[in-house]
Structures are given as structure tokens and as C-alpha cells.
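Could you put the whole structure together from the sequences, leaning on the hints where they help?
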Amino acid sequence: MALRNGEVADLFDLLASLSELDGAIVHKVIAYRRAAEQFRTTAESVDRMAEEGRLTDLPGIGATIASKVDEIRATGTLQALEKLRERYPDGLVEMMGVPGVGPKTAKRLYAELGIDSPAALKAACEAGHLRELKGMGAKKEATILAALEAGGGPRKHVILLDHALDRAEMLVAALRAEPGCREAEIAGSLRRRKEVVGDVDLVASSDDPGPLLQRFAEHPGVQDVIALGEAKASVVLHDGLQVDLRVIDPSRWGSLLQHFTGSKAHNVALRERARDQGLSLSEHGFAPLGGGEPEPCAHEADVYRRLGLDWIPPELREDQGELAAAADGTLPILVELADIRGDLHGHTDASDGRATPEEMAAAAIACGLSYYAVTDHSKAVGMGIGLDPDKTVRNAARVRAAAEPLLAQGFHLLTGIEVDIMPGGVLDLPDEVLAELDWVVASAHGVRGQNRDELTASMIAAIEHPHVDVIAHPTGRLLDGRDPYDVDVEALIAACARTGTFLEVNANPKRLDLRPEHARAAINAGVRLCISSDAHRTEGLDVLRYGVDTARRGWATSDDIVNTRTWPEIRKLRKRG
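With the sequence shown counted from 1, adding 467 to any position gets you the numbering used here.
Accuracy of the hints is not assured; some may be wrong.
What the hints assert, rightly or not - Here are the computed lysine-lysine pairs in the BS3-like style, where the Cα-Cα straight-line distance is at most 27 Å: (1) Lys-858 / Lys-846; (2) Lys-495 / Lys-574; (3) Lys-574 / Lys-550; (4) Lys-571 / Lys-601; (5) Lys-574 / Lys-601; (6) Lys-550 / Lys-606; (7) Lys-977 / Lys-571; (8) Lys-550 / Lys-495; (9) Lys-589 / Lys-574; (10) Lys-846 / Lys-571; (11) Lys-589 / Lys-607; (12) Lys-858 / Lys-607; (13) Lys-550 / Lys-601; (14) Lys-589 / Lys-606; (15) Lys-606 / Lys-495; (16) Lys-731 / Lys-977; (17) Lys-589 / Lys-571.
If you're looking for bench data, these hints aren't it; they were derived computationally from the structure.
Structure, rendered in C-alpha cells:
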């Protein structure tokens, strides 16, 4: 039986974690983790690619990693991994996922106290044993216990928007290319652009569904066929993602697409409105409440028109006032990717990026943008990647030198920084350095021992700083690895409204921070938003589309977004303009 991509990825993830525990060089650990991510998200079968000698065609996969995959195919495991498992129980890897417990702490707890699992760690905290260790203390023990009691620990793998959308668009393109397909579209939470999805729903219309369903089940991206019927097929892709396809007669296309897009709350509100008009609404169309055959809608807009509503964009279908706006003609004209003129948060090889300023500028120009702000990290971000004041000044000079020849093309390469917000709201760079930069992004990269009130006060102090243009990824969440900070977002929004500071919608699919509800609250308070890529390599600019999706879910128009404007317009708009 062929190996699943997820099985190979899990082994590399475990190898990375145990190697980290064992003190392996950081580059080896990073290589294993990148391999795991690549294998988990690859559309094609890793097993088949290895058999055909094509694994090294994947980005970042070299001969060494490919040979380890061959070893897994031959033995079901890795010799290096089994040696590490003899030394460290798998429970230590789970412990490393608990906030406050990294590799060094996990290894020490195992060596000195014999703690080998999250359950044993919780018992030791409750008994007060951790505070007995030198350098640990009661506060650290309480922090770890609180994380464990809050459910902190290893997270299940989640399906992020970018991954699900990539697979869904691949399959929809294949369906549309089939002669018997009349229409095909993404449905469900993915069409509404939710940041995390459970599975993928597709809908299609055809006069002859059988052959279309059969061809779908035979797609090379499919590993297993769960069900194959006359109107529906369910499959599992090589990356473990389940995809359900429903195929209907073209006359019912609009009814089905609307129904299976959802959300549930939106559809309930539509059904209630239909009942008020003496109608029953379902995926089959409209029928009189007294009974009778349903009358389907061939176009989705017909469903809304029949109920006296304007067509509602999928991103707004959450029963959050969109029906009332559709009834009185006040739905917003949502921002689109084509409206974005530039990117105001990105990195280069001066900190943790992978490209020069010139290369990032070329990538931005290729995306049709007219400006790009180089906002490398300040020193306090840690990990040895940030810039101190002298390096910040030198990097700004480097960026200005790269920017000069680009002005003839009408492109602005901007000097900037992503400066850390320290406890108390002190910024990680002096004011005289910040004043010399075109653009200042301020970020809190960790709670740093602050409680909710302290963290909120620190961020508000940064918002009030005269040189700070925007607060980046305000809640610090990572959808596949970290809960949002305990911070009063409403207070941050109020401070931004008072000072004219912008808030960021970070387009990285692992962040998508601000959340849509916070974006909408900010807009309602008069705060403008920046949609930023936070790119660390040239291809990272492609994620701007997901930031636009998130802003649309927050009811954002083009006017609500700062970087739908030219750079000269932004300079006048910001608080120091």
C-alpha cells in the first residue's frame, strides 16, 4: 500500500523535534521541518514521486532528504529516528508544544525529574516540583500549569486557507475542462474564505453527472475514493484533504450553489425571510409553504432576487447584518486584489528574509505594485536576526541606494523597520533612528511576561508614538501553532482611531490577523487598515490575496484600505503627514 503524504511528513516532523531535543544543529532541524511541510502540502503522491526519482523536483528537497524518503518506503521508518526514540520518549515532543516549555526545558525536566509527558508535567506542577529546580521558580511553574489547564499542548494539524484553496482551484479547473461540465465552483466555508477549513465542498452542473463524477474520482491528486454515487463523490487527496463534489442538473445550479456555500446562520435567516413570503427555501429551490414541487433557480442571484435582496458576496454570508444591507441596497463594494497598489510590510536578507532589496522590489513590480516597504526586524525580536540602531541606519542607506534607479520606473522602494514593542510601550529603537525612515511598523513579538492590562497598555503606548505608522499582526496569533495574545483589541482600535495610527491585516495564511470581526470594528471606528504580505522571500508577495479575503470578510471597501492609494497619497494620510 502506498505511503500517504501525511505519514511521511509526520515522521520528518518527529525527527525534527527529537533532533532539536538532542541538540542537533539548527539548520538540520529546519531542513527536516521544511521537508515535513513540503510533503504534507504536496498535491502529488510523495511515494510515487520517490519511486520515479522526482522528489528533488520539489522546492527545498535535496538528495539527502530524498534518500531518507527511500528509507521510509523500504523500512517504514528512519534509523536516525529510531535511535533518538531509544533516548527520548515521544511524550517529550508533546511537552515541547506546551507554551513555556521548549526543547531545553523539556530535556532538563526529563533528565532531572523524569517528566516524560504533558500529564506527568501537570502532576509535577501541581505538586510544586518544578519550582525546586534552579532557575525555574514558582512564576514559571504557574505559567506552565496555566497553559496546561487551558489546553495548551501539541496542536492538531489544521487546513489553512491557502492550502485548501490551492487544492480546490486545481480540482475546479480540471472539472471545468471536462466536456460534460457546464459549471463548477468552490462552495462551503472555503468559498466564504474562512481562515481554517475542515474539508472542501465543490459543486458542479452537468446534463450527465456520471462521467463527470467518475473523472473526478480518477484525478491524479486523489489517493482514496470514499464514495462514488450518481450525484456525489467523496475523495481523499494525497495530502489527506477530503473533498466532496455534488453534481446537479443546470436548472438547479443557483439553488445548490447558494445552499452549499452557507453559512448555516445565513441560510437560516434566508429561510425565515422566505417563510415570511409564504415560501419554503432549500437546495432544491422555492416551494409554497402549503406544499408542491420546488421551483429551482438556475442562477445564484435569482435566489436573492426572489427574496427582494441584492446578491450578497460569499465573504459576508455570516448573518451579521448582510440581509438588511442587501434589502436596502447598502451592501459595501468590497475591496479587491486589483485595488492594492503596494505592500507596506516585508523583509529582506538584512534580517530573516531570503532576498535582497532589489530582488524584493523586482517581485513587487512583477505583481503590479508601485511601492514596497523594507521593514526588517529590530534586535529585540531575538533569534539573532534583528537590527540594532547602527545596522538599521546602514540598512536604510542600502535600501535608498537600491531605490534610486527604480524611481525612473515610478516604483518606490521604501526604508522602514518592524520595531519591537517592549514592556511599558518602549520601542526597540531610538526616536532619531525611526524619524529617518519612510515607514515604521510596530509589533509585539510575544507577551514577555505581561498580563492583559500590561500588554494592552504597552501596545497603546506604541500606537501613541509619533513615528509609528501601523501596528502589525495585533493579536500575534498563529493559526497552526499559537493562540492570540490576551490583549484588549477594542482598546487598541480606540487608540488607533484617536491617534490616526493604522492597523494591519497580515496576509500570511498562518496569521490573517486582524480577524474579520476586529477589522470590521476598526472600520466602523474610522480606523484604516493596511493589507500587508509580511513577505520573507520573493514568492511571499503572492499571499496578499488572502489578506484581501480577510478584509472583505470584515466588510472593507477600497477606501478603508491604506495601500489602495499611491505612496504620495499615503504620506499625506498618515498621522505624521
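Each hint tested on the structure:
For the given pair, Lys-858 sits about 10 Å from Lys-846 by alpha-carbon distance, which is consistent with the 27 Å threshold. Distance hint between Lys-495 and Lys-574 is fulfilled; the C-alpha atoms sit about 19 Å from each other, no more than 27 Å. Restraint check for Lys-574 and Lys-550: satisfied, since their Cα atoms lie roughly 16 Å apart, inside the 27 Å limit. For the hint pairing Lys-571 with Lys-601, the CA-to-CA distance comes to about 14 Å; that is within 27 Å, so the pair holds.
At most 27 Å may separate the alpha-carbon atoms for a hinted pair to count; Lys-574 and Lys-601 meet this at roughly 15 Å. A C-alpha spacing of about 35 Å is found between Lys-550 and Lys-606, which places the hinted pair above 27 Å, so the restraint is violated. In summary, the hint linking Lys-977 to Lys-571 is supported, as the alpha carbons are separated by about 26 Å, within the 27 Å threshold. This hinted pair checks out: Lys-550 and Lys-495 have alpha carbons roughly 16 Å apart, not beyond 27 Å.
Proximity of Lys-589 to Lys-574 is assessed by CA-CA distance (about 16 Å); at most 27 Å being required, the pair is judged to hold. The suggested pairing of Lys-846 with Lys-571 holds, with an alpha-carbon distance near 23 Å, which does not exceed 27 Å. Taking the CA atoms of Lys-589 and Lys-607, the gap is near 13 Å; set against the 27 Å cutoff, the hint holds. Distance check on the hinted pair: Lys-858 and Lys-607 sit about 34 Å apart at the alpha-carbon level, beyond 27 Å; violated.
Restraint check for Lys-550 and Lys-601: not satisfied, since their Cα atoms lie roughly 30 Å apart, outside the 27 Å limit. The straight-line distance between the Cα atoms of Lys-589 and Lys-606 is roughly 15 Å, inside the 27 Å bound, and the hint therefore holds. At roughly 33 Å between alpha-carbon atoms, Lys-606 and Lys-495 are farther apart than 27 Å, so this suggested pair is violated. With a C-alpha separation of about 25 Å, the suggested pairing of Lys-731 with Lys-977 holds against the 27 Å cut-off.
Distance hint between Lys-589 and Lys-571 is fulfilled; the C-alpha atoms sit about 18 Å from each other, no more than 27 Å.
Hint compliance for this structure: hints 6, 12, 13 and 15 are broken, all remaining hints hold.
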